[in-house]
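Visitor: Protein chains in written order, with our numbering: chain A, 1 to 103; chain B, 104 to 323.
These are computed hints drawn from the structure, not numbers from a lab.
Watch out, some of these pointers could steer you wrong.
A few chain A residues that don't get close to chain B, going by computed Cβ distances all over 10 angstroms [said to hold, decoys possible]:
#1 Ala16
#2 Thr22
#3 Leu25
#4 Gly26
#5 His29
#6 Phe71
#7 Ser73
#8 Thr78
#9 Val91
Chain B stretches covered by chain A per the calculated footprint, using a threshold of three residues with CB under 8 angstroms from any CB of chain A [stated by the list, open to error]:
#10 125 to 131
#11 161 to 173
#12 244 to 256
#13 295 to 303
Note that the Cβ used here is the ideal one computed from N, Cα and C, for glycine as well.
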Amino acid sequence: MEPIYLLLLFGATSSALYLAATRRLGLRHAGLRPALERVLECVGLTLAIAALNLAAGVLLVLALRRLTGAFVSLYLNTDGTLLALSLLQAVALQWWMKDGEGK
Amino acid sequence: MEAATHPRGVVRVAAIGRVRATARAAGAAALAAYFVCAFTPLTGAVYRALAMEAELRPADAIVVLGAGVTPEGELSGNSLRRTVYGIRLYRRGLAPRIMLLGPEKEGTVEAEVRARLAADLGVPAAAVIVEPGGHTTRDEARLVAERLSAFRPVTVLLVTNLHHIPRARLQFEKEGMVVAPAPVPEDSARIERPQHRIALAISLVQELAARAYNRIVAGS
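Bound-form chain B, shown alone:
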C-alpha cells in the first residue's frame, strides 16, 4: 500500500475522513433520537397522533385481521388479542358474523386456530367465516371483499392493532367496503419502560414504512 503522503494515499485518507465525519454526525443524530424515544413520552404522543379512534357500531361483519401463529398451533400475542376482542364485539351483538383471517404457517392455519378458539368461547360455527388466504393487508382486503360480496355495500368492523388501523382501513375502503375501525384496546400510548418505548418506536417506523411501500410499490 502507498503511504498516506503519496497523492493516492492522501486521497484515500481524505475519503476515510469524510466517511468518519458523516458517520459521527449520523451516530450523534441516532443517539439523540434513541434518548428522546426511550426517555421521553414523545413515542407515545406520536403513537396517539397516528392512531385512529374506534367507531364501534352495528356492521355486516366483524373482520379480524391475521397476526401470526406458531407451527405448534399457538396464536401470537397480537393474534390472540385481536381474536378475543373480535369475539367480544360479536358477543355484544355488533354483527351477525365474524370473519377470522390468518394464513397457513408450517402446517398450521391461523384462521382455523382462531375459529376453534371462537367455538370454545361460545360463538356458533354458523356465525364464523374462516379465511386462510391472505398474507398481506392488501390480500386480506381483497379476500374479505370477495367473501362478503353478497352484501353491497358491506360494512365491516375492522379489528387490528391501533397503529395498523389507518393503513388497513385504506385498503378495505379501496375494495369498496364501509369501514368502522375497531382497534384492539391497548395501553401502548402510556408505556413508560424505555425498552417498550423503543419497541413501540420501531413498530411505528415499520408501519410508516409499510404505508410508504403501499404508496410507492403497490400504488395505494
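Just chain A, same shape as in the assembly:
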C-alpha cells in the first residue's frame, strides 16, 4: 500500500509541477528532456564520486589500522552523510563541466 501511495503522490506532484512550469513560468516542453538528462547526470556523478570516496575511505582505514595499530571500523565509510557530501561534489563538478563546455 505504501509504495503505491508514494508513487501516486510522486506522479501527482510531478504533473502539477509540469503544469505550473509550462503555464505559469512559460517553460517549453522541449526543455524538459535535457533537464531530466541533467538529473540523470547528477545522479550518476554522485554515485561515481561516492564510490571514489568509499574506496578512498577504505584505504585510509586500512592504512590507519596498519600505522597506528588501533582498530578503526570500515563501517565509518558507510555513513549516509558521505552520500550527501558526494552529491555536493557532483553538483559542483556538473556546473564546472557546463562552464568548460561553453569556453
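Position chain B against the provided structure of chain A, taking the given hints into account.
Guide: Frame of chain A; chain B shown alone:
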C-alpha cells in the same frame, strides 16, 4: 582558456561529453535500481535467498556476537535484540552457558552491559562468559575458539542477524567450531515501507561487500 573551436578545446569538450554520457547511463541504472529496490518486493526476496535457516539444537554454548553500544551504556537496537534472543535460547535450556561479546567503546564495554542485562533477566553469573575483545567477526571467532578451547569439538549456537549468519558461520567453522545458526527473528523480508526496503538493500550490499573483503583481503 582556449575556445571550444581550438583543437584542445574540442578535445576537452569531447571528453566532457563522454563523462556526461557515462554519468547519464550510470544515473539511469541507479534510478532504475532505486525504484526496483524501494517499490517492489525484490529486496525482501534477495534477503530471504541470502539468509540461512535457524538450526536450534543443544550446544556447548550460545554465542551472541557484538553489535554496538553507546558511550552512555545503552545497547544498540541490534545488540539488544541479539542479547535478548540469546538469553531466551539459554532459558530454553539449549546450552549450559552463554557467551556475550562486544568491545569497549569510549569507556563502555558492550559485553559487560549485556552481562548486566542477562543478570537482570535471571541468568546466573556462572553461566555467563564475557568477551570484550573482538572488533570484527573474524576476531570474535578466534576469541570464542580460544575461550571455549576446553571443548573439542565445540558446538555453538551462533546468534546474530539473519544476513550476517552465513559470513559469521564461515569464520567460526574456520576456527574449528561446529555451528548451529540461530538468527535473530526479524520480519525484514516482509517489509513494505520503501525507506525500510532501501535500508535493507544497503545492509545487504554492505554484507556482500564484507564477504568479498573477507575473501580478497583476509583470504577467507
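Visitor: Please go over all the hints and tell whether each is borne out by the structure.
Guide: A quick look at each hint next to the structure:
Distance check on Ala16 of chain A: its Cβ is at least 21 angstroms (rounded) from any Cβ of chain B, clearing the 10 angstroms threshold; non-interface status holds. Listed as outside the interface, Thr22 of chain A is consistent with that label: its C-beta sits roughly 23 angstroms from the nearest C-beta of chain B, beyond the 10 angstroms cut-off. Non-interface status of Leu25 of chain A relative to chain B is upheld: no Cβ of that chain comes within 10 angstroms, the nearest being about 25 angstroms off. At roughly 27 angstroms from the closest C-beta of chain B, the C-beta of Gly26 of chain A stays outside 10 angstroms, upholding its exclusion from the interface.
The claim that His29 of chain A is not at the interface with chain B holds, since no C-beta of that chain comes within 10 angstroms of its own (minimum 20 angstroms). Chain B draws Phe71 of chain A into its interface by the beta-carbon criterion, the shortest separation being 4 angstroms against a cut-off of 10 angstroms. Distance to chain B contradicts Ser73 of chain A as a non-interface residue, since its nearest Cβ pair spans about 7 angstroms, not more than 10 angstroms. Residue placement check: Thr78 of chain A does not keep its beta carbon more than 10 angstroms from all beta carbons of chain B (closest about 6 angstroms).
Consistency note on Val91 of chain A: stated as away from chain B, and its beta-carbon is indeed over 10 angstroms from all of that chain's, at 12 angstroms minimum. Remark: the region 125 to 131 of chain B is confirmed as covered by chain A, as 7 of its residues place a Cβ nearer than 8 angstroms to a Cβ of that chain, reaching the required three. Counting residues of the region 161 to 173 of chain B whose beta carbon lies closer than 8 angstroms to any beta carbon of chain A gives 0, which falls below the threshold of three, so the coverage claim is violated. Counting residues of the region 244 to 256 of chain B whose C-beta sits closer than 8 angstroms to any C-beta of chain A gives 0, which falls short of three, so the coverage hint is violated.
For the region 295 to 303 of chain B, the stated coverage by chain A is satisfied: 3 residues place a CB nearer than 8 angstroms to a CB of that chain, which reaches the threshold of 3.
Of the numbered hints listed earlier, those contradicted by the structure are 6, 7, 8, 11, 12.
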